[in-house]
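**Q** All chains should be modelled from the sequences, with the hints used to inform the complete structure.
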Amino acid sequence: MTKVDNSDIGSIESILTETRLFPPPPEFARKARISSLEQYQELWERAKDDPEGFWGEQAKVLHWFKPWEKVLDWKPPHAQWF
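Residue numbering for the sequence shown follows our numbering, starting at 1 and increasing by one per position.
Quick caveat, the hints were computed from the structure, so don't treat them as lab data.
Among the clues, some could well be false.
[Stated by the list, open to error] The calculated lysine to aspartate or glutamate pairs, modelled on EDC-like cross-linking and capped at a C-alpha distance of 20 Å, are:
#	residue 1	residue 2
1	Lys70	Asp49
2	Lys70	Asp50
3	Lys60	Asp73
4	Lys75	Glu52
5	Lys66	Asp50
6	Lys75	Asp50
7	Lys48	Asp73
Computed from a predicted model, the values in this text were never measured in an experiment.
**A** This is the structure in structure tokens:
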């Protein structure tokens with residue numbers, strides 16, 4: 001049986017933190033609807049601050065067989081979008 005060294009227990013802050021950036025290839029980036037990290041961050045902020053307004057705007061560019069009447073019906077713990 002192997003003895004476990006407990007001296008490092010608690011030293012890992014998070015295994016879910018990732019700070020590296022992976023820029024897309026230039027050809028791929030030219031075809032993208034979001035052209036920069038700054039533009040992405042602005043969209044993310046809008047979605048976070050006003051999810052119903054943001055997703056309502058995004059839904060307008062899609063074709064719907066039946067028009068939706070309400071973006072979000074939220075009755076915790078259930079959420080129904082469109």
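**Q** Evaluate each hint against the coordinates.
**A** Status of the hints after comparison with the structure:
Annotation: proposed proximity of Lys70 to Asp49 holds, straight-line Cα distance about 18 Å (limit 20 Å). A distance of roughly 14 Å separates the Cα atoms of Lys70 and Asp50; the hinted pair therefore holds under the 20 Å criterion. Taken as a hint, the Lys60 and Asp73 pair is honoured in the structure, with Cα atoms around 18 Å apart against an allowance of 20 Å. Taking the CA atoms of Lys75 and Glu52, the gap is about 14 Å. The hint holds against a cut of 20 Å.
For the proposed pair Lys66 and Asp50, the alpha carbon gap of about 24 Å is over 20 Å, so the pair is violated. Between Lys75 and Asp50 the CA atoms are separated by roughly 18 Å; this keeps the pair inside 20 Å, and the hint holds. Between Lys48 and Asp73 the alpha-carbon distance is near 17 Å, which keeps this suggested pair within the 20 Å criterion.
Of the hints listed earlier, the one the structure fails to meet is number 5.
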